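Trainee: Chains U and B are the protein sequences, given in the same order.
If you want this note's numbering, it's the 1-based position in the first sequence plus 6.
If you want this note's numbering, it's the 1-based position in the second sequence plus 958.
Pulled from the structure, derived: some chain U residues nowhere near chain B, Cβ distances all over 12 Å:
| hint | residue |
| --- | --- |
| 1 | 145 |
| 2 | 222 |
| 3 | 298 |
| 4 | 324 |
| 5 | 339 |
| 6 | 420 |
| 7 | 612 |
| 8 | 631 |
| 9 | 681 |
| 10 | 720 |
| 11 | 744 |
Part of the chain B face toward chain U, derived, beta carbon under 7 Å:
| hint | residue |
| --- | --- |
| 12 | 960 |
| 13 | 961 |
| 14 | 962 |
| 15 | 963 |
| 16 | 964 |
| 17 | 966 |
| 18 | 967 |
| 19 | 969 |
| 20 | 970 |
| 21 | 972 |
| 22 | 973 |
Output of the computed footprint for chain B on chain U, the stretches with three or more beta carbons under 8 Å from beta carbons of chain B:
| hint | stretch |
| --- | --- |
| 23 | 117-129 |
| 24 | 496-508 |
It should be emphasised that the hints constitute simulated quantities derived from the structure, not laboratory data.
Keep in mind the model is a prediction, meaning the values are calculated, not measured.
Note that beta-carbon positions come from the ideal geometry of N, C-alpha and C, so glycine has one too.
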Amino acid sequence: MSSNNERKEGVAGFMQRAKEQANRNVEHFAEGMAAGSMPEGKLFDIAQQISDKRLGELTVDSTTCGYCAVGCRFDVYTDGEEVLATRATDPEESPVNDISTCVKGKFSYSFANSEERLTDPLVRDENGEWREATWDEALSRVVEGFQDIIDEYGNEAMSVIASSKATNEENYLMGKFARQVLGTNTVDNCNRLCHSSTVAGLAKTYGYGAASISVKDFEEADLIFLTGSNTTEAHPVLGTRVKQHVKEGGELIVFDPRETQIAEYADQYTSIRPGYDTVWVNGVTRYIIENDLYDEEFVEERTDGFEEVKEAVSEFTLDYVEEVTGAPPEDIVSAAEAIAEADRTVFGWTLGITEHSHGTDNVASLANLAAITGNVGKPGTGVSPFRGQNNVQGGGGDMGPLPDNFPGYQKVADDEVRAKFEEAWDCEIPAERGYYTTEMFNAFDDGDLEGMFCIGENPSLSEPGKKHADEVLADMEFLVVQDLFMNETAKYADVVLPAVSFLEKEGTFANTDRRVQKVNQVLEKKGNAKADWEILQALANRMGREWDYADTNEINEEMRSLTPIYGGISHERVEEEGGIQWPCWDEDHPGTERLYTEEFNTENGKANLTPVGYAEPMSPQTEEFPLTLTTGRVLYQYHTGTMTHPEEGIMKYNDRDFVEINPDTAASYGIEDGDPVRIESDKGEIVVTAQVTERIGEEAVFAPIHFAETAVNTLTDSERLDPEAKTPEFKATAVRISPVEGKQSTSRPGSVEPARGDD
Amino acid sequence: MAQPVREVPESATNREPERPQEGREALESVLEEYGGDYADAAEYTDELENVLETAILVISSADDEEVDYVTDSMVTLVKAGDAISTEGTVALAESFGENSEGFADLLDELVRLEQDGHLTMFLDLAGTLAEPLDEDDAERLANTVGENAESLADVLDDLMELKQAGQLDALLDLAATFSALEADETTANALNDVLGAVGEAEEESEPMGLFGALGALRSSEARAGLGYVVEILKGLGRRNT
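Chain U with its partners taken away, still in its complex shape (with noise of 0.2 Å):
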C-alpha cells in the first residue's frame, strides 16, 4: 500500500485512495469473513490453495544470469511482463551457484521495464533529431549506409563491435554478418577491454585460452592463489565459493594493490605496486626453482622451456622484487613454499592482472608458476581467469566474432579453416586479420575505418580515453547502434535498432569455466524490439543473403557442424544435461570438466613455458603524476551502469563513483574523506568524492568505472596496449590529485547515500 507515499493530486489522487480504501475494505470484509466460523487450520489450507493458485498465474522458468560470467542458473518467476522474483534453481540445475545468487542476479532486473528502454527504432530526422522509425525505414537506412561505406571506401572501412552480452547463437551471427555479409574480418569484442590478454596468455602456453578448471575444483584444492581480483564484488558467488574453501580450512593467499574483502579471508595478503606483477610472479617462481621447490616429474614430461624461464627469472631476487613492487621478501617466500607445500593449488585472477601493457606477459608468468609446480590438469589444480561479461567465453572468444579467429578459436591464417568457413558461408574472406576493438578507435583516426556496426555494448565510456572514443564516434562516416538504450554510444549514432535482454530471448551462454547454459525467454520482448539474430537475419537477408534461421536452435546446429569444440554441445542435451563444458566434440562425448589432464592443447602435447622479464606499465609514476590509479567494479554495479542504474534499491546502496585514497596519502594533499578530489591524468580530469581507507596502499589510488557524469576512462589513454593481445591499460594510469576548493558537486542528482565500494 502506498499509505507512506507522498499524497498526489488530482486524479491520480483519487486513484491512490480509490486503491487503498479498496484494499483495506477487502482486508476488513476477509477478516469478518475469517472471524465468524473459520477454524485456523482450515485457514492455513485456505492459505495453502490462495498460494497455489497464485503461483499457478505465475510463469517460473529456468535460466542463466546475464550479470557476470560466473554462470548463476536461477528460476524466474514473472506475469511475463516484469521479473517478479528470482530464486537459485535446484542445485542439481546450478552447478555453480548451488544456493547462491548476488544481490544484481537477485534484485537488479529494473532495467529490463526501464521507461528508458527502447521499443522502436530510431533514425535522424532533416534537423539531425532522433525520430521514430519503422523497422522497414530502419533497416532500409541501415542497408544504405552500410552500402555507401562498401562502395566508396570497401568492405574493409566497415567494423563491427559484437556483444558478449548477447547469446552465443547470436554471436555466431555476427562473426558471420561481419564476414560474409559485410566481406571484412574487422569484428571484436568487449573481450579485448578485459580477458584478451588472459586469451593470448594462455593459449600460447597451454593452448586454449580459457579456465582449465571447473568451479567443483575450488572445493578440491588446499590452496587458492589469488591476484588482481576483487572476487567479492566482481563475482561475488566466486567469491563465496573462496570463503567457504577457507572455511573448510583450504589456504588462501592473495597478492593485490588493493585489501579487497576476500583479502580478508586470506592466510596471507600482500600490498603491491600496480603494474609491476611480472616481477613479483618471477620472483615467486625464481624462489621455487632455485630452491628445488619445483615438480620435476612435471616439468620434465609435460613441459617444454623450462632452462629458458629458469634463465628469464633468475633476475628477480628478493630484494629486487621488494624494490620494484613493494612485497616483503618474506612474503614472496611463504608464498613460493605455499604453493610447493600444497598438493593442489587453483591460480585464480582477473583483470587486475590482464589490463596491463603487458598483460599478456603476467598471464604467461602465471602459467609458467602453475605449470613448473606441477598444478595443471589434475583434480583441485589449474587455472581460472574469472572472466567479466556474462557470455564472453562463449559469445566473445568461442563463437569467434574476432578478427584472427573463427568459432572454436580456429585462426583466420589458417587456409584449411578459411576454405571450410568460405564454402560454409558461401564468400570470400581475407586471410589477413582485421582490427581489433582497441585498434579501431585508432584506425578510424587513421582513415582505414569509415563504418561502425556496434551491438550490444558501450564504448563511449568503456574504451580506454574516453575523449578520444567520443571522437571517434562523432566523426564516424556512418554508425549503427544496436542496443536496449540510448546510451553513450547510441546517441552518436545515425540509426539506432532496438534489442531485447537476455530475459526476453532463447539460446545458450558460456560461463568462465566453458560451460556452455541454457538461456530461455522469460519475459515478452519489449514493444517492437526485436532479438540480435532477428534484427541481423533481416539485415542479411536486405543485403542478398538467405538467412533462414526459424529459431536460435537451427543457429546452433549450423554453428556447432563448424566448430569442433561445440560439436555436442546441442540445444537438446543442454537442456536435459545442464552444462555442458567444452571441448565437447560430438554427441556421445560428456563435455571436458577439467583440461590437460592428459596432454596440453599444443603440437606436442607439452605446455610451452615462455620466458617472461621484467615489464612497467607504459604510464609509470612521474614526479607531475606521483600516483597510480587503478579501475574495477563496484558490488552494487555492473560496468556502464545500463543495467544496473535503472534500479533504485542499488542505487541507494551506490549511486556515483568515487576514489579511494590512502589516509597518508589523503593526509598529505589535506584531503579528507568525503571530499570532493580532482584526479588529473595526461589526457584528462575527474572529480570525484574521496573515501579514504587502508585498503588501497600509499601510491595507489582506485576508482570505479560505472557513471558517466564521472567517466574515469577520461583519464586512460586509447594508445598504452598490450603488444599482442591489444589489452587497454586500465590498472595502472599515472594521476596526480588534488582537493576541489568550494561546492563542487560530485554526486548524481537526487543522491541519497554516501557512496561506498562494498558492503
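Start from chain U and add chain B according to the hints.
Mentor: Then chain B, alone, in the frame of chain U:
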C-alpha cells in the same frame, strides 16, 4: 557523421504517455483513452448513453467538486481495476471462503459478467448511480441490458441490499479488485476449490452467510481476535510465493 543527440521521442521508449492530472483536461484525456470502452458499453443501453451525456455535460461546466464526482463514478472505477495491486487478491480470495450462501451466487454472476466482458460496464453503472440509486432506477437499468438483464437484476438486487446495509462501497471495491484478477475459468475453478474446502469446514458450524459476516465485522471482539489469523494467512501466502 552525426551530432550527439540523447533526446528520444517518447513514443519510441517504454514510457507511458503522460496524461494531464487535473481538471477537465484530465477527464478529456482519459475519455480519449477509454472512449472506445464506453462506446461499446453504450450499445447495450440508451440509459448508459444518457448517463455519459450527462457526464459530458457535467465536464463541460464542471467545477472541481463535480469533476471529482464524475471522475469517481465514470472513470476511476474502470481504471481502479488495473490499479489495484495483487495485495488485495489474497484477502479477496480468502473472503470467498466464507460465502457458501449469497456471496457465492454473487461471485458466479461476477465471473459470468467478467467472462462476457460486462463487468466493467457493471462497475460503471453501479459506480455512476451509487448516490442516486433507487429500486426503480435499478430495475429500469437492469431491463435495458439485453441478455444480461436477469442476472444483472439479481446483482443489482444484491447491490441494493448492500447499499441499504451501508456496504456498497465495500462491494464496489471488491468487484473492482475482482476485475483486476482477470477472472477466467481457471480462476473460477480455483475459487470453487477454495469454496469446497471451506464447505467441508463449515459442515458442522452454522453458516454465517454474507450479511452475517458483515454484521460480525461490527463486533469489536471479532476484529480484535482476527488480526492475528489474517497475519498468519498473509505470511503463509508470502512464504509460498
